[in-house]
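Engineer: Chains S and C, in that order, give the protein sequences.
So for the first sequence, this note's numbering puts the first residue at 1; every next one is plus one.
So for the second sequence, this note's numbering puts the first residue at 1; every next one is plus one.
One should not assume that every hint holds.
[Stated by the list, open to error] Straight-line distance between alpha carbons at most 20 angstroms, and here's what the computed PhoX-like set of lysine-lysine pairs gives:
1. S:K50 / S:K81
2. S:K43 / C:K117
3. C:K154 / C:K134
4. S:K50 / S:K173
5. C:K90 / S:K81
6. S:K273 / S:K176
7. C:K90 / C:K117
8. C:K154 / S:K50
9. C:K117 / C:K95
10. C:K87 / S:K43
11. S:K81 / S:K176
12. S:K176 / S:K145
[Said to hold, decoys possible] Coverage of chain S stretches by chain C, computed from C-beta distances (three or more under 8 angstroms per stretch; other residues unrestricted):
13. 24-31
14. 40-51
15. 260-273
No wet-lab data here; the hints were simulated from the structure.
Heads up, the beta-carbon is just placed ideally off N, CA and C, and yes, glycines get one too.
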Amino acid sequence: MKTETEPNETESDWSELTRECLINILSRLSVEDRWRGTMLVCKSWFSVFKEPSLHFVFNLDPQFDSPTESTRWWTPEFEAKIDNMLRSVVEWAQSSLTHIRIRHCSDRSLALVAQSCPNLEVLFIRSCPRVTDDSISRIALSCPKLRELDISYCYEITHESLVLIGRNCPNLKVLKRNLMNWLDPSQHRGIVPDDYLNACPQDGDDEAAAIANSMPGLEQLEIRFSKLTAKGLNSICQGCPNLEFLDLSGCANLTSRDIANASSSLVHLKEIKKPNFYIPRSVFHTERYGHWSLYDERFQTDIFQI
Amino acid sequence: MSETDLAVIKPEMMKPYVWLQTSDDSIQQVEQEIAMFSPLICQEIIQKGMGSSKNCAICLPQQVSPAMLSLILDYCRFHQVPGRSNKERKSYDEKFVRIDTERLCELTSAADSLQLKPLVDLTSRALARIIEGKTPEEIRDIFHLPDDLTEEEKLEPLRNITADPRIRLLNRLYAKKRKELKERGRLKNVEVEEEHVDERSVDDLLSFINGNDGDPKGVKTSKNKKKNRRKKEQQKNSSLKEASEMNKKEVNGHDIRHQSSEAERISETSYLPYAEDDTFSPKVEFDDGDIDDEIDPALKEKIDREVEDFARRLNSDWPERMQELLSSGQERKTMLFTTDGFLRRQACMFSPCVTVFFLIHHMLSN
Chain S
1 MKTETEPNET ESDWSELTRE CLINILSRLS VEDRWRGTML VCKSWFSVFK
51 EPSLHFVFNL DPQFDSPTES TRWWTPEFEA KIDNMLRSVV EWAQSSLTHI
101 RIRHCSDRSL ALVAQSCPNL EVLFIRSCPR VTDDSISRIA LSCPKLRELD
151 ISYCYEITHE SLVLIGRNCP NLKVLKRNLM NWLDPSQHRG IVPDDYLNAC
201 PQDGDDEAAA IANSMPGLEQ LEIRFSKLTA KGLNSICQGC PNLEFLDLSG
251 CANLTSRDIA NASSSLVHLK EIKKPNFYIP RSVFHTERYG HWSLYDERFQ
301 TDIFQI
Chain C
1 MSETDLAVIK PEMMKPYVWL QTSDDSIQQV EQEIAMFSPL ICQEIIQKGM
51 GSSKNCAICL PQQVSPAMLS LILDYCRFHQ VPGRSNKERK SYDEKFVRID
101 TERLCELTSA ADSLQLKPLV DLTSRALARI IEGKTPEEIR DIFHLPDDLT
151 EEEKLEPLRN ITADPRIRLL NRLYAKKRKE LKERGRLKNV EVEEEHVDER
201 SVDDLLSFIN GNDGDPKGVK TSKNKKKNRR KKEQQKNSSL KEASEMNKKE
251 VNGHDIRHQS SEAERISETS YLPYAEDDTF SPKVEFDDGD IDDEIDPALK
301 EKIDREVEDF ARRLNSDWPE RMQELLSSGQ ERKTMLFTTD GFLRRQACMF
351 SPCVTVFFLI HHMLSN
């Protein structure tokens, strides 16, 4: 006669998948499913969860891609959680980590990334208010295989880091250095802390010079809402001749003529996104500029012909 | 039976077979062509010459039961037939994995043990779809797994606890240091607030700007600024020094880096459980002494010259700048008087004479 425990024992036999099978299954799940579901199932699954081959890529971007941004994301508590997640992944990956796409991390975790991830190829760290030149310079010196870098909305990173990245990462092809919409910050108000929102970097031309002088192999560049001028754009177009994609949306200090003149030297350019502002004539008095041609040159774009 | 019929049947009749023994010791005869889909069986046949008779049947792994073997053979037979479209294969695969979770798991294990990668991928995908979006409890119910993780283990990846007692001790030491630094900072702030009370009238300030009255207070302020700047530069860590040196060679521009205080840097370091020992060695002695106390006389003279030069430039620039500033003054003023740390980098974008102008403007408006 069978005891009560016997059926359970035989029942559980079929679910004892080999480690390789479990790895295969877990590798097909999203980061969210892994962290919220499988990781917390049982000891054997948790040990499989730490398998380095499951941590080549750490991508939290889909979790942040909701249409509405959360105020909670900008809190130190949330940042600490992201830091700890990243540090755990770095520890489990055992230097096999190649792609990191996260937000709201800090220097604390990035210092460990620099120390432990020599094979890093993609680093996307948008919206990280407490990531500074300190950790980015470490990344530059320790991760020479870097191909793609996104440091958008990271206002504590300066042109100094860009120079170091360019010098030490010769394979860099994609750079995203977008700023928040400082022309109309209403979309960020109440979510992003005001002091951070107002701290938008002013050194657009310095950053442009850093990019131009140290990143000759760049193919994609995004600098939305940068405060660079025609001088900065000229230096980028001369210093990065291989550019195929250039995003200048919201760059208020550039005119259509500036963009046309500068980009004429980019033979490989496939797409350029221009600052599409339209300021109706009614807003201004005609006396402001004296004659319309000057007005048109300053505010007209290819998208909105006046 | 005609010759043509024989010609058609003959290859079928002569088709080679292999003998396979499953986990329950039952032996089956299987077409060699289909059996050799499995790299494991293929290896046994080619290298060891097994499976040619019932006596030397190929022993299959423990995970392969007769039921699973027949399922696997069905899969191989379908995919072995040439000329099937991808659409047909996909449709078959979808129907093939529409079985209960228990059998799907057994099939995955069996296929894995026979090294049938396409089938393992197919069943793993199906199992992943079952797991998708499920809570740990639901997964445990489906797979009959024990709930043997402790609460601490569940929180471990989010808390990132380190077991190293040295690090815990260092964290405590740094916390102590931070407290001391905060106390000192508070005391210094009180002193600074007392010092910054400006007794001078607006007329005095204006006359100083116009160069009539060489009040040394203004000079003193800019001198202190230089002192602070040098103090900060000495505290920069080595990697940033390298960065700024490289930058000076190539990029002409102002350094607007947001400097973090030593206390902040220590607190950040103390969070790094995996850092090497030297990370924790305090890089700066925490003494209150001013760095510039024993300043070199030659350097002092140089600073004084720079300050005088700055004052001269300030006075000469003033009339032309006045007009320009009046037009854009209101907008900039609001930014300048924001005391948040994040705006430090903006403040340094303004020239000193603009700053002085706004100070006066601010006093007048109050």
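Engineer: It remains to establish, for every hint, whether it holds in the given structure.
Structural biologist: Now for the hints, and whether the structure bears them out:
1. S:K50 / S:K81: Given that 20 angstroms is the threshold and the Cα spacing comes to 18 angstroms, the pair holds.
2. S:K43 / C:K117: violated (27 angstroms)
3. C:K154 / C:K134: holds (17 angstroms)
4. S:K50 / S:K173: Distance of about 31 angstroms is beyond 20 angstroms: violated.
5. C:K90 / S:K81: violated (42 angstroms)
6. S:K273 / S:K176: holds (14 angstroms)
7. C:K90 / C:K117: holds (16 angstroms)
8. C:K154 / S:K50: The hint holds at about 13 angstroms.
9. C:K117 / C:K95: holds (18 angstroms)
10. C:K87 / S:K43: violated (40 angstroms)
11. S:K81 / S:K176: violated (25 angstroms)
12. S:K176 / S:K145: holds (17 angstroms)
13. 24-31: holds (count 6)
14. 40-51: The restraint on the region 40-51 of chain S holds, since 7 of its residues have a Cβ under 8 angstroms from chain C and three suffice.
15. 260-273: Violated: only 0 residues of the region 260-273 of chain S have a Cβ under 8 angstroms from chain C.
Violated hints, in rising order: 2, 4, 5, 10, 11, 15; the structure is consistent with all others.
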